[in-house]
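Chemist: What follows is each chain in one-letter form.
There are 4 protein chains.
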Amino acid sequence: MPPLRVGVIGCGYWGPNLVRNFARHPEVKVEAVCDRDLKRAERTGAEYRVPTVAASPDALFGAKQLDLIVVATPTATHFELAKAALSAGTHVLVMKPLTSSGEQAEELAHLAGKRGVLLAVDHTFVFTAAVRKMKELATNGALGELYYFDSVRVNLGLFQRDINVIWDLAPHDISILDFLVGGEPEEILAVGVAHGQSPTENIAYITIKYPNSFLAHVHVNWLAPAKVRQLILGGSKKMVVYDDVQPSEKVKVYDKGVSFQNDADPYKALVSYRSGDMVAPQLDGKEALAVEVDNIVKAVRGKEQLVSDGAAGVRVVHLLEAAQRSIAQGGSPVRLGALAGSAA
Amino acid sequence: MPPLRVGVIGCGYWGPNLVRNFARHPEVKVEAVCDRDLKRAERTGAEYRVPTVAASPDALFGAKQLDLIVVATPTATHFELAKAALSAGTHVLVMKPLTSSGEQAEELAHLAGKRGVLLAVDHTFVFTAAVRKMKELATNGALGELYYFDSVRVNLGLFQRDINVIWDLAPHDISILDFLVGGEPEEILAVGVAHGQSPTENIAYITIKYPNSFLAHVHVNWLAPAKVRQLILGGSKKMVVYDDVQPSEKVKVYDKGVSFQNDADPYKALVSYRSGDMVAPQLDGKEALAVEVDNIVKAVRGKEQLVSDGAAGVRVVHLLEAAQRSIAQGGSPVRLGALAGSAA
Amino acid sequence: MPPLRVGVIGCGYWGPNLVRNFARHPEVKVEAVCDRDLKRAERTGAEYRVPTVAASPDALFGAKQLDLIVVATPTATHFELAKAALSAGTHVLVMKPLTSSGEQAEELAHLAGKRGVLLAVDHTFVFTAAVRKMKELATNGALGELYYFDSVRVNLGLFQRDINVIWDLAPHDISILDFLVGGEPEEILAVGVAHGQSPTENIAYITIKYPNSFLAHVHVNWLAPAKVRQLILGGSKKMVVYDDVQPSEKVKVYDKGVSFQNDADPYKALVSYRSGDMVAPQLDGKEALAVEVDNIVKAVRGKEQLVSDGAAGVRVVHLLEAAQRSIAQGGSPVRLGALAGSAA
Amino acid sequence: MPPLRVGVIGCGYWGPNLVRNFARHPEVKVEAVCDRDLKRAERTGAEYRVPTVAASPDALFGAKQLDLIVVATPTATHFELAKAALSAGTHVLVMKPLTSSGEQAEELAHLAGKRGVLLAVDHTFVFTAAVRKMKELATNGALGELYYFDSVRVNLGLFQRDINVIWDLAPHDISILDFLVGGEPEEILAVGVAHGQSPTENIAYITIKYPNSFLAHVHVNWLAPAKVRQLILGGSKKMVVYDDVQPSEKVKVYDKGVSFQNDADPYKALVSYRSGDMVAPQLDGKEALAVEVDNIVKAVRGKEQLVSDGAAGVRVVHLLEAAQRSIAQGGSPVRLGALAGSAA
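Heads up: the sequence lines are chains A, B, C and D, in that order.
Going by the numbering used here, the residue at position 319 of the first sequence is 319; the numbering climbs one at a time, nothing skipped.
Each number in the numbering used here comes from the position in the second sequence (counting from 1) with 344 added on.
Each number in the numbering used here comes from the position in the third sequence (counting from 1) with 688 added on.
Each number in the numbering used here comes from the position in the fourth sequence (counting from 1) with 1032 added on.
It is worth saying that the hints were derived from the structure and are not from the lab.
Quick reminder that beta carbons are idealized off the backbone N, C-alpha and C, glycines included.
Check before you lean on any hint, since a few could be wrong.
Some, not all, of what chain D presents toward chain C, calculated at C-beta under 10 Å [to be verified]:
{"no.": "1", "residue": "K1071"}
{"no.": "2", "residue": "E1177"}
{"no.": "3", "residue": "G1224"}
{"no.": "4", "residue": "L1321"}
{"no.": "5", "residue": "S1364"}
Could you build the full structure based on these sequences and the hints that come with them?
Modeler: Below, the structure written as structure tokens:
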């Protein structure tokens, strides 16, 4: 089978990582890279011996030889570039977040469907060994009924002028949440503030309500003194903590819980605690991007479902947008029914 | 000067700690202890050689020999007991939270004023060496302009049937916030859920908005797999982290921050990061309760102001009550103007 | 059955903990406590309602009513007090280390045997849930062949004028080693230094060689900036780490190891690594001293073997003495054959 | 000024890092790389656009155009390759340890002197920001009189057939010790064991005695369940801990110590403890290898002294060799006078 021919737009911070992972995949040939800053494109191209190096994405769209185009540019440019690529009939992988608005995200998903090509979204974290292990535990019943998701993603961050802390950091948490928990959230509430001369929010707290008392909360912060990347998924039987700052034992599964024994009289409900072993499962050492690239290649070949597809990208953008709306209205709840429904 | 004569109502979990600290103060004599379970009162009385041991608080109110009565009983009983003690003309110390409602709290504060006695509230954490150090840094300008307060107080907790996780844990965070930051919060938003058969909320997120973009957030949770007691106070110049679970170096001061350089064109605002040394200041080793007891004794003697007085107790209860109201209305913001105003 | 009548000599730092644990045991009655400082004896006696309180141990030896005498005094006095108690025909529990010399330790063990009473040594750590769990793993084969024992016990410590850091701290490590590993060590090597004006060693490294390549190492240090209490027991199948400074998950069992596949040509030996889950087993919450007291009571009743008996005390003192001798001769190895043999 | 022309022998694990750092230095041109496995040389050469790529080092020695030859091959080959390079009149940088024997190390140092070229040794750790900060604190008197050096470097390691754990890991610790403390150690003692079918020692404890009670200790271990890279330098005024596994705050300076007040009667010496703030100084973010390369370039230009020169390489190899000798004689002390003297 001939190799999958890939072109990458954008050789800034993240693009070279994608080029590297595509270049290492045995069934892929990276045919072209481009960047407005031609020097960057040349540097990346030389390292991975890419035949075509260009300053403009037109070089990629024009040539009909590509199977997959990767869009690794700033968020504001995703929509136009992805639309052009999809229109050219190639499969597309777009960095997170898929677009700057739900409307655009839906248009891309719709276009991909119409053209019969794949739209993948680079929600890298869902491909980490840690999150895959959490998914396994959530799916096989080990955690019991899911109770809550709590994520803290804070550090002294790069203030960005065009996007706020939610659009910068929360796509990670929300894509993980979407991947682990699925379902249809009902409402979102968010509070955010901008400090000093910052034109955009640098701290935000997002709460997402689900049916059946499941609750998700995300704390993103560009003004925190120490880096924290911690995620808890609590269930009735066990709870998992994923601490990405740890050099090892990133995932810990706690055999802890509370049992409620029912009684005719609700005030007589008995609560019993359970505290057993903690296990830090061995995680496979695969790089998340390599797993993601392999999934995309297999999906193009028709051998696997895309793990992070356009619909996931749409759902994540809808939630970000709704969080932004809640902030704008002072933290009041925003109903998600229509939004999530449209992505289902 | 004759010693301060103290009586303690309630010898359950916390009462004996208070008896011990009052008994060790050189200017205090613990004259009486009582508990509905007489055995508990006897055990505590024997250990600290307390002359009067009783099953009923009436023994304390009747005898006119006491200067200060300590109420260390379940929250629901605080109001009646404190009212009786204040009415008897003694100074009173009440466990946190002061009462179950803002109205009751205000009545007690009012009564103490009318009778010319002190009403102290046992917000123990504000007397810890860690929080006193944070107060010093917040007050002397070391932190610069205050930006945010973020507190996480979670563990596998004791589910209580009568009060929820907010009334159980958040009095700590809110009293620390009130002590460190002061000021008049404008709005409170809270979301909480009850899981399993639990009749009360076991997880809650509380957001408190202040003028000038200062933001406070509290996460309390009885269903967390590992104990976390972490509080961040972020300022424009430095940020402090207080991690109470650490055996040492509980307080860390980070010389980290962001500077915004203004420009005619707001989109040209320049952001520069600063990252200097981290210092874990040496903390004095005094037990918080001993510091609190000493402040109360000195306040009774007229030598110091009460650090945690009835007004502080009223403010904390008002915030708890408003948080509860926000939960009841699905997380929508509750204006605090009137509430905080009434306590000012 | 009548309660075991216990008397305790020494109400300093450790004595009251023993009084408390004996007093709480349902089959024990603490009949007498004494301390050269009568005030201390009175304070302890009042708290636990002990009938006889004295300044001199003679009060305990004279009265024939005691079944067990506990010696909780400075090491230099252990020998005379324990000898008097054993001679009086009572069972005896002595703090660690049993005595200041191997000769004295053997004399006590011999005397106990002759009088038909029990000699117990308070090697408290072997009764902790953590060490009991390690013993279980070492005994049931989970660890495979034992490879090494490495213990670090350092902090900014209390310099003592009469004993050095080895006699102060290493009894803990050596008694744990003796309990976990048993067997007959062959040689001991130790290096220690005294800094500043210190009259005794404040840092020491002790190495103990066993047959079959098992190696033990102990680092004790009174001049360390942070407290470390960490012990590793490494085996061919698994390795256990016991970190006593952690508030939870003190014991971690690592499913890690190396397999050597033999080959005719030794240079072709193949090494394969294994890295599986890490498990932090749930530990029971019993206080070590309570477990120890219960073992002693049951041993006196003839229902259990003493876990930490005179022979263990002798072995520990012999190793401490041999370590001291190695330090004196500049770190050269000291053969243990005769020493350990005499204790067997 | 023309760029320094550099050739690198060995493109295995470490070589490419050196090529990268030399290639990025503005005053360097990497002219040639070679590796017995030509594919590896080609890969490295392509990435950094190196003109000459070869399978044999002869290509580098023959061409007279090189100023500096880097030897990044297995230890056993260092001597021959470095000797050939020095004989060809080029400056030489050799990976650690310099050679497999002290005799060879001295011969290289002597040859470099005779030929008037530089012999540098890649003791990378002495160029880390952490160790440079420690050196500053040790030199400027902040630590007071130095008391001890304690290093733990353990993990589940790569068993090597040709060298043991001492020759693999301890060059790091010993080169740091030599850099920080200097001076002339008097004696070395080492114990090591080989477990399972391992043909070489996989655990070793090394103790190095200095005049004036300064003591150094190194624990290296290939069989440890968790990675530890911790180094303490204790002084009379302060103590520094360097924990290389931490993602941030790798260096902590503890204002802790003990003061001994002299007295006519030595038994009346008074000990007082001091415990002040802990400071984690901000470290510069420079990569150690970049700092090292810059030092070498400047040394070749005559603008700086070599930080890690042939004499340092000789001293480290002498200590490794002496440690090996002590292991061979069962842990007995080996006098270092002659060895260290010859390197002075």
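Chemist: Each hint should be assessed against the structure and marked as holding or not.
Modeler: These are the hints, each one checked on the structure:
| no. | hint | result |
| --- | --- | --- |
| 1 | K1071 | 25 Å, violated |
| 2 | E1177 | 8 Å, holds |
| 3 | G1224 | 8 Å, holds |
| 4 | L1321 | 27 Å, violated |
| 5 | S1364 | 5 Å, holds |
In terms of the numbered hints stated before, the structure departs from hints 1, 4, listed from lowest to highest.
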